[in-house]
Structures are given as C-alpha cells and as structure tokens.
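Dock chain B against the given chain A, drawing on the hints supplied.
2 protein chains.
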Amino acid sequence: MAYPGYGGYGGPMPGMPMAGAPMGGPPMGGYPPQFGAFPGSTFAAPAQDPMWGYFTAIAGQDGEVDAEELQRCLTQTGISGSYMPFSLETCRIMIAMLDRDYSGKMGFNEFKELFAALNGWKQNFAMVDRDNSGTVEPHELSQAISNLGYRLSPQALGCIIKRFSRGGKIYFDDYVACCVKLRALTENFRRRDAMQQGAVSFQYDDFITCTMSI
Amino acid sequence: MAYPGYGGYGGPMPGMPMAGAPMGGPPMGGYPPQFGAFPGSTFAAPAQDPMWGYFTAIAGQDGEVDAEELQRCLTQTGISGSYMPFSLETCRIMIAMLDRDYSGKMGFNEFKELFAALNGWKQNFAMVDRDNSGTVEPHELSQAISNLGYRLSPQALGCIIKRFSRGGKIYFDDYVACCVKLRALTENFRRRDAMQQGAVSFQYDDFITCTMSI
Numbered sequence: 016m017a018y019p020g021y022g023g024y025g026g027p028m029p030g031m032p033m034a035g036a037p038m039g040g041p042p043m044g045g046y047p048p049q050f051g052a053f054p055g056s057t058f059a060a061p062a063q064d065p066m067w068g069y070f071t072a073i074a075g076q077d078g079e080v081d082a083e084e085l086q087r088c089l090t091q092t093g094i095s096g097s098y099m100p101f102s103l104e105t106c107r108i109m110i111a112m113l114d115r116d117y118s119g120k121m122g123f124n125e126f127k128e129l130f131a132a133l134n135g136w137k138q139n140f141a142m143v144d145r146d147n148s149g150t151v152e153p154h155e156l157s158q159a160i161s162n163l164g165y166r167l168s169p170q171a172l173g174c175i176i177k178r179f180s181r182g183g184k185i186y187f188d189d190y191v192a193c194c195v196k197l198r199a200l201t202e203n204f205r206r207r208d209a210m211q212q213g214a215v216s217f218q219y220d221d222f223i224t225c226t227m228s229i
Numbered sequence: 016m017a018y019p020g021y022g023g024y025g026g027p028m029p030g031m032p033m034a035g036a037p038m039g040g041p042p043m044g045g046y047p048p049q050f051g052a053f054p055g056s057t058f059a060a061p062a063q064d065p066m067w068g069y070f071t072a073i074a075g076q077d078g079e080v081d082a083e084e085l086q087r088c089l090t091q092t093g094i095s096g097s098y099m100p101f102s103l104e105t106c107r108i109m110i111a112m113l114d115r116d117y118s119g120k121m122g123f124n125e126f127k128e129l130f131a132a133l134n135g136w137k138q139n140f141a142m143v144d145r146d147n148s149g150t151v152e153p154h155e156l157s158q159a160i161s162n163l164g165y166r167l168s169p170q171a172l173g174c175i176i177k178r179f180s181r182g183g184k185i186y187f188d189d190y191v192a193c194c195v196k197l198r199a200l201t202e203n204f205r206r207r208d209a210m211q212q213g214a215v216s217f218q219y220d221d222f223i224t225c226t227m228s229i
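Protein chains in written order, with my numbering: chain A, 16 to 229; chain B, 16 to 229.
Chain A with its partners taken away, still in its complex shape (with noise of 0.2 Å):
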C-alpha cells in the first residue's frame, strides 16, 4: 500500500465516482461511509416506486430474482444504454455482491440497492469512455478505480487490469464485474478489521468462504 495508515477502501456511494478522495490523513477521517447505506426503511414504498414493476414482473412468487432473472430484470430496466446488457456471470457475481442470507437469490431492496450502485458505475465508466465506444484502456480503467475511491499500488491495479480485459480492452460488462468484486471483497475485508487498520487476519477458511463466494 502506497499510504500506510489509510486503509484505503474506495465507494463513498455504491458506485459513486468521488474526486479528490484524501490521500493520506487519520484513519478516521480516510474512510468513506461504508458500503450498502440504503436501508430498506428509505426506499419509497413498493407501490409508488417505478422499479417495483419491472422486478415484480419478473420476481414473481417468490419476490426473488435468481442470477437469470436478474439478467433480464436489468435488460429491461434499459440501465446498460448503449452498452451490451449484462451477462450471466456478471449478474451472478451481482447477486454474491448483496447475498447477505447466502440465498443465491436477490429481493427487491437489494435490487434497489445494486440499481444505485450501477447507475454510479454507469456514470464513472461514461466519464472515462469519452467516445462512448463501449470500451476503455488499461489505464482509464486504472483512473476509474481510482474516481470511486480506491487507492490500490501499481501492481494491484494491473493483476486487476489483465483480469477484467479483452484484446487490450476493457468492456463496460467486464468493468461492471470488476467494481462488483472489488466493492464486495472490500465489504468483506472492512468487516473483518474492526480497528480500521487496513490490515486483517484470516484464518484458511475464513479467507475462502469470503473470496470464493464473489
């Protein structure tokens, strides 16, 4: 880490781009509020919220979206534009994301909490992508990381950047899977270093239940 004593974590919002994060300074004062600030409690109720009707429509029964329905749920709501709509794996790691009961599937709070997460995205992947091609480089991608928060060394960044690339690009979907993992494994790191340290201990299966569930 290039700031000792500042953890570090990124996302101010879920997703929200946020300029000049602090580079240094007390540990306390560092740290954006955490991640998943939408209690159900402030969403609008289900009846007058627009979003209700393309989650019910899918939900059904149950008032759960599994990996699949989420894809479509998605595709309707229009959120990816222009871009290609999500895929299959990316809506999965969505759902790991907030599958906080470990169900595999999504309510509909959790929904209208990934929807702002997304729309934040959306709105940093737009700010990078300055011809609107669907792609950006490696190191606007590095920049976009950068604009939610995080402050990751050089050699994170590019593990994160070969991972999530394509033919030396970066699609939007790809870029979406990525902000997905990296504010979930950051969730599930902060959770663990209670001193906000930006250092944690895990024992084997510890570490493997909160990587291998993103």
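Note that these hints are calculated values from the structure, not bench results.
Mixed in with the good hints, there may be bad ones.
Identical chains share a label here; the pair holds if one copy fits it or two copies do between them.
Calculated pairs, DSS-like style, for lysine-lysine (alpha carbon to alpha carbon, straight line, at most 30 Å) [as the list claims (entries may be wrong)]: (1) Lys-137 with Lys-184; (2) Lys-177 with Lys-137; (3) Lys-127 with Lys-137.
What follows is chain B alone, placed relative to chain A:
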C-alpha cells in the same frame, strides 16, 4: 475451521482426487505437497509431445495463448469429453491461476500443468456424476471438493455451492471454474502462510491483488 491446527489445504497433485486425506494431526504431516509440482524440465521435449501440436497450432508466433485461444485449444484436445466445452470466463480464470508473470497469457509448460489438473478434476467429477448427466447435486460438489483434499466448514461449502450452481445443479464448466479458483486462492494463501498455521495477516492492497486476479 473444523480442524484447528490443521490448515486443511487441499490438492495433493493438481486436481487429483485424494482418498482419505488426513483429518487432523500435526500441520506438517497434514499438508499435502504444493500445487504446481510439474517443473518444465520433466516434460517431454515439445517435438515429441502430442500436446505440442494442439498448442502450437493455436499459440502462433508468441508461443502463448490468451483466453480465447486457450478455449479453442482445450476444445480441440477433447478434454471436455461429453460435457459442454469450457466457457470463455472459465478459460480466463484458468489463465489467471497459472499466470505467474501477470502477462494474461499462458505458455506451453503452464498449458501442460493446466491439462494435468483438468484431467484430475474431470476424473473426480465423473466419480460423483454417476449417471454421466454433466451436472452434479450440491452435496456431490461438497464430496468432490472433499475428494480433492480440502477440509472446509459447512458454511464455506454452502457459499461455494451457491456461487457455482445454476438451477440447483452444478455443471462441469462451473465445477472446473470452482476448482481453478479454489486452487489459486489456496495457493495464494499458502504462499503467505510461511509457518503453515492456517492463518495469514493480509494488508488490504495485497488482499485485493491476490483475490481480484482470480
């Protein structure tokens, strides 16, 4: 972890099923040999090696394959047998697993190492997929993971099952993706667990590097 003092790392050989792995005992005795026990020098010279033909026809000038080339390569070898060919996503994590120089590509020695692991995993899958349907049930995935020498808690297994199943079943491609990730994450953990205690302290940046790259 159900077995304190025992790391529970799996994989006696890359992907080889291991019957009756030790359930406890001293750490040193309980640890099977590390993965990656296929040094290049033990391979047949490429010209005499039947795999060389598959590989070189696709690798071309640079002598390495990217994920799309690997997908074609593996399809041509017939390794998937009666199962569906590997998805591009699974091929990407196969490359990530062995990509020690972070090039995003795979050379011939890594290809051979992967192929050996795949044969072991396939044999293990066939043992639990008794009706040769190409899918296994959740409890059979647990069995398969146990056969590979991993000793994981029910919670860890539950997370893995949720993540890799579709419609309550686990397909061969997803099973292999699971094996690849489990091996790569375990190897990353093990490398940092110098005393083989089953516990590692991660800095945030290092945690992200070794989990986002898989």
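Here is what the structure says about each hint:
1. Lys-137 with Lys-184: within (17 Å within a copy, 33 Å between copies)
2. Lys-177 with Lys-137: This pair counts as both: shortest intra-copy Cα distance 21 Å, inter-copy 27 Å.
3. Lys-127 with Lys-137: This pair counts as within: shortest intra-copy Cα distance 15 Å, inter-copy 40 Å.
The structure meets every hint from the earlier list without exception.
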